[in-house]
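Throw the hints in and build the complete structure from the sequences for me.
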Amino acid sequence: MRTTEARTFAVPAAGRLSLERPLSGATAGGGLLAIAAGLASLADNGAEALALPVLALMLMVSLGDISYVWFENRTFDRSAAAIAGASIAGALLLLVMPEYLYGREINGIIHRSLFASAVLIAVGVPASITGVQRVLGGAPSARDVARYPIVLLPVIVALAAYALLMERLVSDGAGKLSWDLLTTSYTEEVTDAGFVYEAGLRNHILGTLMLIGLTSAISIPPGVGAGIFVSEYRGPLAHIIRFSTTMLRAISVFIIGVVAFSLVDAASGSAPGDPISDFIRGYYSDANGFKHAAKGSFLLAAVFLSLLVIPVIARSTEEGLRSVPRDIREGSIALGATEGHGLRRILLPWAMPNVITGLLLGAAEAAGSVAVLLFIAGTGQYGVGPLKEATSLSFVIFETKYGPKPFQDAMGSYEFSAALLLLIITLGLTVGALVIKQRFITRYRGSLAGD
Amino acid sequence: MAAMLVVNSLPALDNPGLDQLTRGEFASQFSTGERIFGLLPTISGTVLLTVVAVALALPVALAMAIVATEFTLGPVGRVMRALLGVLGGIPPIVYALLAVVLVEQFMIPKFAGDMTFATFDPAKIGASTETWPPSDVPFNAGAYPWDPTGLNNSTLLGGILVAMLIVPFMAPLMADAIRNVPNSAREASLAVGANRWFTLRHITLPLALPGIVAAVALGILKAMGDALIVIFVIGWEANGVPNPFFDVLERTAPITSTSAGLLGGFQGNSGVCTGASCHVGYFGALLLLIAAVVIVLVSTVLQARLRKRTAL
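Protein chains in written order, with the working numbering: chain G, 1 to 451; chain D, 1 to 312.
No wet-lab data here; the hints were simulated from the structure. Just so you know, not all the hints are guaranteed correct.
As the list claims (entries may be wrong) - Which chain D residues stay away from chain G? Per the calculated CB distances, all over 10 angstroms, these: (1) V86; (2) G89; (3) I93; (4) Q105; (5) N180; (6) A185; (7) A188; (8) A191; (9) I203; (10) P206; (11) L209; (12) E237; (13) T256; (14) R305; (15) R307; (16) K308.
Unchecked claim - Ranges of calculated distance between the beta carbons of each label pair, as one might list FRET restraints: (17) L297(D) <-> G273(G): 41 to 47 angstroms; (18) L182(G) <-> L190(D): 54 to 60 angstroms; (19) S323(G) <-> E187(D): 20 to 26 angstroms; (20) G137(G) <-> L190(D): 18 to 24 angstroms; (21) N180(D) <-> L343(G): 24 to 30 angstroms; (22) A36(G) <-> V192(D): 34 to 40 angstroms.
A virtual CB, placed ideally from N, CA and C, is assigned to each residue, including glycine.
Here's what the structure looks like:
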C-alpha cells in the first residue's frame with residue numbers, strides 16, 4: 001500500500017469555480033448507491049433492474065472526473081478510469097447474460113441478480129472509497145472513513161442473514177406455543193386402531209434441565225481442578241492436562257457421540273436390570289412391570305456431555321486465576337497464608353465469576369448439543385430420571401425429521417416451537433454468562449492491577 | 001476414547017478393506033444396499049464443506065472482530081461484542097432446522113434452474129411461463145442444488161449454514177487476538193503519522209496473526225466436526241466424487257453424516273448397528289479424529305513460526 005498519494009486535483013486558481021468537491025461527492029454518492037443497489041439485488045431479484053442505471057451513472061460520473069482532471073492539470077485520473085472500466089465491463093456482461101447462466105460442466109446455474117449484486121458491490125466499494133477520500137481532502141481520517149465499507153459490508157450482510165433466520169423462528173415458533181404443549185408429556189400407545197399419541201414437550205423440557213444439572217454436577221470438579229492445575233502449577237502434569245483440554249476442545253462433538261454409542265453397542269449384550277446395562281442404556285418398565293433396556297441413559301449422556309463442558313470451565317477458571325492481581329496474590333503470601341489457604345480463600349473466590357461464566361456457557365452447550373445425543377437419546381415417552389432414556393429439546397427437533405414415524409406425526413408441526421424454547425434456554429444461559437462477566441470484569445482497580 | 005474408536009474400526013480394514021475404502025475401483029462408490037463403502041466421495045464432501053464454510057466465514061468473522069475491537073465510534077463496538085456473544089449461544093440444530101428459510105429466500109431465487117420443473121413457479125422469479133423450462137438446457141444436468149423437503153441440498157447450502165455457525169465462534173477468538181496486540185505497537189504507528197487503517201492493516205493484523213490462525217484452525221475443526229447441519233441439509237449417502245471435484249452445487253455428504261447414517265443414528269433406527277457398515281462408520285469417526293490431531297499440530301507449528309517472525 002502506498003503511504004502517500006499525490007493530489008489528483010489541482011488547486012484551482014483564485015476566483016475560478018472548483019468542481020472538485022461536487023465531482024468527488026458524486027463519485028462517493030454513486031459508489032454508496034451502487035453498494036446499496038447490490039445489497040438490494042442480493043435480497044430481492046427485482047432490484048436487479050437497478051444495476052444498469054446505476055452502472056451508467058457511475059460511468060458518467062467517472063468520465064466527468066477523468067475529463068475534469070485532464071483539463072485542470074493534464075494528468076490521467078487512474079482510479080476514475082478503473083471505475084469507469086469496471087462499470088462498462090459489468091454492464092456489458094449483464095447485458096449479454098441471460099436470465100440464467102447455464103453450465104454443463106458445473107451443474108450450477110447462477111441467477112442474474114446474484115451476478116448483478118456482485119458487479120455492483122465490486123464497482124461501488126472502490127468508488128465510494130475514492131470519492132469519500134477526495135471529499136475529505138487531505139484529512140488524516142479520510143482514509144479511515146473511506147474504508148469503512150470494506151469492514152462494514154460483510155458484517156451487515158451476515159447480520160441480515162441471521163436476522164432472516166431468527167425472524168422465521170420466532171414467527172413460526174411462537175404461534176404454536178401453548179400452555180398445554182408445555183405441560184403435556186409426549187406419549188404413544190399401540191392400540192387396535194394403530195398408534196395413539198399425544199403431543200407435548202414437558203418431558204423434553206425437564207430432560208433438558210436434567211441434562212444441564214447432571215452435566216454441571218459432573219463437570220465442575222474436573223473442570224475447575226484442571227483450570228487450577230494449568231494456571232497455578234508447572235511441570236509435566238500441567239502440560240499433559242493443558243494438552244488434553246486443548247484436544248478435547250479440538251475434537252468434534254460428533255466423535256464424542258460416536259464413542260458414547262460404542263459404549264451402548266458394547267453393552268447391548270447384557271440384560272436389562274444388570275447395573276452396567278442400566279447405567280449405560282437406561283431402562284423403562286412397560287405396563288406389566290417388565291424392565292426393558294432403552295437406547296441410552298441420561299447419566300451416560302451427561303457423562304459424555306461433560307467432556308464438552310470440562311474444557312470450557314477449565315479455560316474460564318484459568319482466565320479467572322490469571323486475572324487475580326499480583327498485589328492480592330502477594331499480599332496473601334506475605335501475610336503467611338499457605339498455598340492451599342490462599343487458593344481456597346483468595347484465589348478461588350476471585351475466580352468465581354469466571355467459573356460461573358464458564359459453567360453457564362457449558363450448560364448452554366450441553367442443552368444445545370445434539371451430536372452427543374444423536375445415537376443414545378430417545379423420544380422421551382418414558383419420563384425423566386438419571387437412569388431413564390435420555391432426551392432433550394434439541395433432540396426433539398432432530399427426531400421430528402428423523403425419528404420414529406409416530407413421533408414425527410405427533411410432533412412434526414411443533415419443531416419451531418421446540419427450537420424457540422431451546423433458543424430461549426440457551427440464550428438465557430449465554431446472556432447470563434455475559435452479564436456476569438461484564439459486571440465483574442472491572443471490579444478491582446488496585447495500584448498494581450492496571451497493567 | 002481413541003482406543004475405543006480404533007478397536008471398533010479395525011474390522012473395517014479387514015472386511016471392506018482399505019483398498020475398497022480409499023483406493024481401487026470401488027473407492028468412489030458408496031451404496032449400503034450393495035455393501036460398497038468407498039469413502040473418497042465423503043472425504044471430498046468434508047473437504048468441500050470445510051473450504052466453503054471457512055472461506056465464507058473468515059472475512060465475515062474478521063470484519064466482525066475488527067468492528068468489535070477497533071471501532072471506538074459510539075456504542076458500535078460494544079453492541080457488536082454483545083451481539084457476538086448472543087449469536088454464539090445459538091445451537092447448531094437451530095441452524096439446521098432453519099435451513100429451509102435459506103432454501104426459500106436464497107437458494108430457490110438464486111440457483112433455481114432446470115431442476116425445478118415440477119414444483120417451481122417461474123413467475124416467482126420474473127420468468128414467463130411460456131418459455132419455461134428453457135429448451136436448450138439438458139434435462140438431467142445432475143444433482144439438485146436445493147430441495148425444500150429434506151436431504152437433497154447442495155454442499156453450498158450446508159457450507160453457508162456451517163459458516164453461520166462458526167462465525168460467532170471464530171469472531172470472539174479473533175477479537176481476543178486483536179485486543180492482545182500490545183497498545184504500544186499501535187501507538188507507535190499512530191505517533192509516526194500512520195492513519196488507523198494503515199495501522200490496522202500493517203501493524204495490528206500482522207501482530208494478531210498467530211491468534212487469528214488459531215481461531216481459523218478451531219473454526220476448521222468445528223466445520224469438519226459438525227454433524228447436525230449436514231444431516232439435515234445434505235444427507236448422508238455420498239455416492240461418487242463430484243465432477244468437477246470443486247462442484248459445490250452437487251450434493252456431497254461429508255464424513256460426519258455418513259458415519260452417523262452408517263451407525264444408525266437416524267432414520268428411526270433401533271440404535272444398534274451390526275456388521276461392516278458399523279465398522280466403516282467407526283472408521284469414519286477415526287479419520288475425523290486423525291484429521292483433527294493433524295490440524296491442531298499444523299496450527300501449533302504455524303503459530304509458533306508466525307510468532308517468531310512477528311516477535312516484538
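Unsatisfied constraints (hint numbers, rising): Going through the list in order, the structure violates hints 1, 2, 3, 4, 13 and respects the others.
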